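For the protein sequence lines, the chains are U and G, in the order given.
FYI, numbering that gives the first Met the number 0 numbers position 85 of the first sequence as 84, with every residue one higher than the one before it.
FYI, numbering that gives the first Met the number 0 numbers position 91 of the second sequence as 90, with every residue one higher than the one before it.
The hints are all genuine.
Selected chain U positions facing chain G (in silico; Cβ < 7 Å):
#1 A19
#2 R36
#3 S38
#4 Q54
#5 A55
#6 W56
#7 G57
#8 C58
#9 P59
No farther apart than 20 Å at their CA atoms in a straight line, the calculated lysine to any residue pairs in the SDA-like style are these:
#10 K137/G to L125/G
#11 K380/G to A15/U
#12 K380/G to R8/U
#13 K380/G to R10/U
#14 K380/G to A19/U
#15 K375/G to A19/U
#16 K375/G to R14/U
#17 K380/G to A17/U
#18 K380/G to E21/U
#19 K137/G to G165/G
#20 K380/G to E11/U
#21 K380/G to G20/U
#22 K106/G to E335/G
#23 K380/G to L22/U
#24 K380/G to A70/U
#25 K375/G to A15/U
#26 K380/G to R14/U
#27 K380/G to A67/U
#28 K137/G to R341/G
Far from chain G, by Cβ distances over 12 Å, these chain U residues were calculated:
#29 D23
#30 S24
#31 P25
#32 I43
#33 A45
#34 G46
#35 P76
#36 D79
#37 S84
#38 D87
#39 Q90
#40 E106
In short, the hints are calculated from the structure, not lab data.
Every value quoted in this text rests on a predicted model; they were computed, and no experiment measured them.
Here a beta-carbon is modelled for each residue, glycine too, at the ideal position from N, C-alpha and C.
These are the residues of each chain, in order.
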Amino acid sequence: MSSDPYSSRVRELFRAPAHAGELDSPLRVAVEDQGVRISLSAEISAGEVQALRFQAWGCPHVIAAAEAFCAGYEGRPITDLLEFSASDLMQSLPVPIEKTGRILVIEDAVRSLGSTVRDASTPDD
Amino acid sequence: MAERTELLYLDYAASTPVEPWVAEAMSALMTADGNYANPSSTHSEGRRSVEHIAHAAGQLGSLLNTDADRLIWTSGATESDNLAIFGAARYRQERGRHLITMRTEHKAVTDPFSALEKEGFEVTWLDPEEDGLLDISKLEAALRDDTQLVSIMHINNETGVTQDLGTLGAICRERDVLFHVDAAQSVGKLPIDLAALPVDLMSMTAHKVYGPKGIGALYIADRPGVHVEPLLYGGGQQRRLRPGTLPAQQIVGFGAAAAIAQSRMTDDLRHLAKLRERFWSGVRDILGVMTNGAMESAFPGILNISIEGLEGESLLLALEPLCVATGSACNSKSQEPSYVLRALGRSDDLAQSAIRFSFGRPTTVADVDFAVERYKDAVEKLRDIAPGRAA
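Work out the full structure, taking the sequences as your base and the hints as a guide.
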């Protein structure tokens, strides 16, 4: 059994978070909870997520999870953001169960971003 | 920065490598062609083993300027602390049940005191000043007629802050209160003269001073009223205070490490002071960086620094391949910040961002320069990733 608390995937995502940063876009959210701070920004076109960026203050699992989300959701329909579940990230990275609360902060941020994107895409009455 | 992938060990406050000469001395007592006999045996090989142990006790006694027969061998500083604290408190409980220690002690001290509280002893927990030092007046004010034991560590394992044993011990001696010192970090690193210091009990270990793990000692002063009740029973060894077959090879290793430490302590201290100064000069201008504990009163082998705005666990991973210690008890199950740094008044965030760099004999200037660059890079990277605070 490995005593390393980080998987090779977590280490790689943490070492080279290609999606760290901010987009020049009004579609952005920021969430702070559980000792984690996360902000997400998005560029949307034709109902698809064109680009995602994150900024995060948290443990390596949080940073890796944020990077994994951004990398995995570019090119997907914006409706996927509203249906995002952290459980897939928890399993694929993986993230230890005791850090579930922190990864759920990312889930909150992604769904909040989904709502923001949806509201911005819906024509005013 | 040049890529460097091999580990760089800067955690010498946690443990040190065994000096080759020490390992050689030990191995001679372990194999069939050496002297592996039980020192309790009365045959010639057993007596030879006793002689090896006596020689080692002499080496450690010489380092500390005390008679070798004042030293009780244990498995390490944790056991020594337990034997001293439980043993002295119980031995003197008819005289009183009040004890004093500091909140910044190692768990090997705080946990026994907490356990004694459950046995009905009363413990006064002293807070340090912001610089980590104990205000003498706090100790004087805490002493009572029924106080029996004061336990204060010499070098703090997290911050390196070094307490004034002479002054603290004199106050205790004046009140006929036993003074125990956890010297796990200081034996073999700082000059200690037990013939002159008013110390009654001192805990020590070999593996912090280039000796083997699994061996320590407790010094018990030859003074009326200084005694401990044993924690273990089962044999007559060591005046029945700590029975059990003596691990001659471990003891010989401790003795050899003590002899080396004695011969090169001045050089070691000069080397460590140079390294710490170089490291601190390299990082002190980083925005928000600060030392934990006053450097001027700290052992030069340890430098503990916090930084504003960074998360400790991520900082630790970003620092790889440096092997350093986080100032937090942080692991995947707990994010509790260091109780030592909290006692110094650090916020949870600052305590969690703390990194303890500890240098040793093998550490080079190039190692320190690499560590400085690595720290700077890690800080820059994590600050780039971090958002501003959410509204």
